[in-house]
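Chemist: In case you want the letters, here they are:
Number of protein chains: 2
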Amino acid sequence: MKRLTGSVQQIAQELRREQLLRFEQANDVEKQVQAILEKVRQEGDEALIAYTNEFDGVTLTQLQVAEETIAEAFDRIEPAVLQALEAAKQNILSYHVHQVEEGFADFPSEGVIRGQRVLPLERVAIYVPGGTAAYPSSVLMNALPAKLAGVEEIIMLTPPPKNGVFNAAILVAAKLAGVDCVYQVGGAQSIAAAAYGTKSIPRVDKIVGPGNQYVATAKKQVFGQVGIDMIAGPSEVGVIADATANPVFVAADLLSQAEHDRHARAILVTTSSELADAVEEEVERQLRELPREAIARASIEANGRIILAASFDEMFDLMNEVAPEHLEIEVADALHYLGKVKHAGSVFLGRYTSEPIGDYFAGTNHVLPTSGTARFSSPLGVYDFVKRMQYTSYSQAATLAAAPHIKALAYKEALQGHAKAIEKREEEYENSKN
Amino acid sequence: MKRLTGSVQQIAQELRREQLLRFEQANDVEKQVQAILEKVRQEGDEALIAYTNEFDGVTLTQLQVAEETIAEAFDRIEPAVLQALEAAKQNILSYHVHQVEEGFADFPSEGVIRGQRVLPLERVAIYVPGGTAAYPSSVLMNALPAKLAGVEEIIMLTPPPKNGVFNAAILVAAKLAGVDCVYQVGGAQSIAAAAYGTKSIPRVDKIVGPGNQYVATAKKQVFGQVGIDMIAGPSEVGVIADATANPVFVAADLLSQAEHDRHARAILVTTSSELADAVEEEVERQLRELPREAIARASIEANGRIILAASFDEMFDLMNEVAPEHLEIEVADALHYLGKVKHAGSVFLGRYTSEPIGDYFAGTNHVLPTSGTARFSSPLGVYDFVKRMQYTSYSQAATLAAAPHIKALAYKEALQGHAKAIEKREEEYENSKN
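Protein chains in written order, with my numbering: chain W, 571 to 1004; chain A, 571 to 1004.
The set of hints was computed from the structure by calculation and includes no laboratory data.
One should not assume that every hint holds.
Which copy is meant is left open, so a pair is good if it fits within one copy or across any two.
[To be verified] Derived pair list, reagent style BS3-like, types lysine-lysine, alpha-carbon separation capped at 25 Å:
no. : residue 1 : residue 2
1   : LYS717    : LYS659
2   : LYS769    : LYS1003
3   : LYS910    : LYS717
4   : LYS732    : LYS745
5   : LYS601    : LYS790
6   : LYS790    : LYS609
7   : LYS769    : LYS912
8   : LYS769    : LYS609
9   : LYS912    : LYS717
10  : LYS910    : LYS601
11  : LYS769    : LYS910
12  : LYS790    : LYS769
13  : LYS609    : LYS1003
Using the sequences and the accompanying hints, generate a full structural model.
Modeler: This is the structure:
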């Protein structure tokens, strides 16, 4: 792992620079995706079938996955996996239910009503990648908050399996999470279908879920016409550890991040040079135990970072610059330091709270802001599947009382039509007195 | 105004088609903006000064607007405008304070702590257009929710006035709203400065506020690296009115929208053909009273729509397809029908609740989702200036109890490193027993 040295400011600057580079993207993907979106918009299902043939090598006769296929997945799934999904589901529900919001109504003065309704989105699409990146846990993480929000219809988009046999756990997770309909279409073409609607696939209000570069680019391009969750980048973990931390645990947790893909990032900040050395050795030892060693090693070599901090404060200052997706705090009394964390998607406190607990079980969401976006964005939650609507009611008297202020601003902004709309109400009142 | 006829479905389809067209954008703007962003990223302040010279015709010696300039604006502002801004400020605060959110902590079982913190963004930029589109009311609408959220630093970006004299109301509104620093830079270059940071302008976490096509495109391009509020399109109003509505009021309110710009959209849906005719006549009559007649007329001719609905239900069904930014319900007992509205940014209930009340006074936000995006997005609010952070703490015992479920899913997803991170904790426990 690369060691960063220098002043806090220098290291912070270097970390930011690295962060920024993670957004660079080949420009030709943009153009390819644009063409795919346009074709699906024009030709609908026909384009979906053609692209699925071209990109996935599968000839579809129907886009929707049959109910029987989903039912049959329950016969195929391993019992331990089913139980784990059911346990995770309960925890996800019991955590996210706290995020369910109510609107408000406000009666500030006679004749004035103001309020805000919180309404579920009507229809949402969840994208689930195919192949080895198909994660049943992510199906739960994406769909259950939508369900709690009250979304009427949840559809799932996923590429068709090349051999015709779906990953049973994915279909089971979809069913457990209340997904209404599964479509076997993936890639940028599926995003286009959900954004514009086709004969078979209904237009949705929001598209969520991780995907490859084509999917991410397509989501970015349709953003505005439909909602999207976020532009997810490579995954990352930050670990803050002092001399009391167990280097075996720290190394294992860094590697559980690194094994995701070679762009994944694992950063350790510690006040202990002994720990830094021990973790580095452990990383090397444990790398050799990993089936995904090649990926994890590439990630550690390219993006692994160890930083020696001069103080506890410096550890937190540096990590706040990174704004990591996942943050582990492996120091004694970890909860006491939570207040020092300014930016992070999900924080794991104490040596036993290994990040995979959050990935699979605790019920907190594992769809998190990556690449420093935790500075301004949030884990996926119920709030992503609702929208707010304001409402106002003014009586005649309240309108007349407010008129001078409204007209002063309208005339100031040279929007005389706005002032006139109020004046028409004043004129009616004046006329009614005669 | 154009009349749309046909079945509800046909009209709905036509309205959707028109909605979609509103997103089309010239492609060359994308490229120009890309170049501007890149240059500011490379050259910082120097590029800002060069672009301001080129685009605004102003040679800047400093980017920051001096405190004295802001103080002096209080001497210049008309007393009625100052009072109106102060009244609006109080109403905006008393409405938006209901949106301030608390986090939660949850203790679902022994050894398990889960929670969510709600934290303000650290630094936010508010864009304020120059010239005739400089609206002091919008400064309040953008900055005050950020202030209530607890944002530490709010900066404002606005093009320099050609004659060197700032719009006093803009600077006063900024001061009233608690803006910390005003920079006299506008356009795509200012968005780049806020997204990347320059020597003079600090990098922010989120950029909000309306702007021209260049500003909107720049916001879209930096989205992901910083947060943005939304891609604001042209403004629109929908009016639902029955035979009891006053055609003078309806026409005035449609025109108060149409005067914004020629792309603005005003749509009336009514069950009364008498009202439809009367409104059309009134629109023509009132157009001639408007200083901005040319703009309003162009808007009404291109985008004005009158639709005759067969029933109350149909009025709401059609308007839900439009998902208008502003919706006026001018029927008797309007509040009784609020539940029928599924998609709208801000709803104005009853004949006296003219939309300008919301634009300038009521305290509800006037930064609203346009062009049908009310299907999935919300008015600007306090929630746009916070982010959530999850946290979890698991004791040793809780971790060991959860281990089988976590491992089942990790192995299923072929993320063995995730399973191993848990197994290291199990091994430690086993070893401690010996």
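Chemist: Would you mind marking each hint as holding or not holding in the structure?
Modeler: Hint check results:
{"no.": "1", "hint": "LYS717 - LYS659", "verdict": "within (12 Å within a copy, 37 Å between copies)"}
{"no.": "2", "hint": "LYS769 - LYS1003", "verdict": "neither (59 Å within a copy, 63 Å between copies)"}
{"no.": "3", "hint": "LYS910 - LYS717", "verdict": "between (33 Å within a copy, 22 Å between copies)"}
{"no.": "4", "hint": "LYS732 - LYS745", "verdict": "within (22 Å within a copy, 62 Å between copies)"}
{"no.": "5", "hint": "LYS601 - LYS790", "verdict": "both (13 Å within a copy, 17 Å between copies)"}
{"no.": "6", "hint": "LYS790 - LYS609", "verdict": "both (17 Å within a copy, 23 Å between copies)"}
{"no.": "7", "hint": "LYS769 - LYS912", "verdict": "between (47 Å within a copy, 24 Å between copies)"}
{"no.": "8", "hint": "LYS769 - LYS609", "verdict": "within (14 Å within a copy, 45 Å between copies)"}
{"no.": "9", "hint": "LYS912 - LYS717", "verdict": "between (30 Å within a copy, 18 Å between copies)"}
{"no.": "10", "hint": "LYS910 - LYS601", "verdict": "neither (43 Å within a copy, 41 Å between copies)"}
{"no.": "11", "hint": "LYS769 - LYS910", "verdict": "neither (52 Å within a copy, 27 Å between copies)"}
{"no.": "12", "hint": "LYS790 - LYS769", "verdict": "within (23 Å within a copy, 30 Å between copies)"}
{"no.": "13", "hint": "LYS609 - LYS1003", "verdict": "neither (63 Å within a copy, 64 Å between copies)"}
Hints 2, 10, 11, 13 from the list above are not met by this structure, while the remaining hints are.
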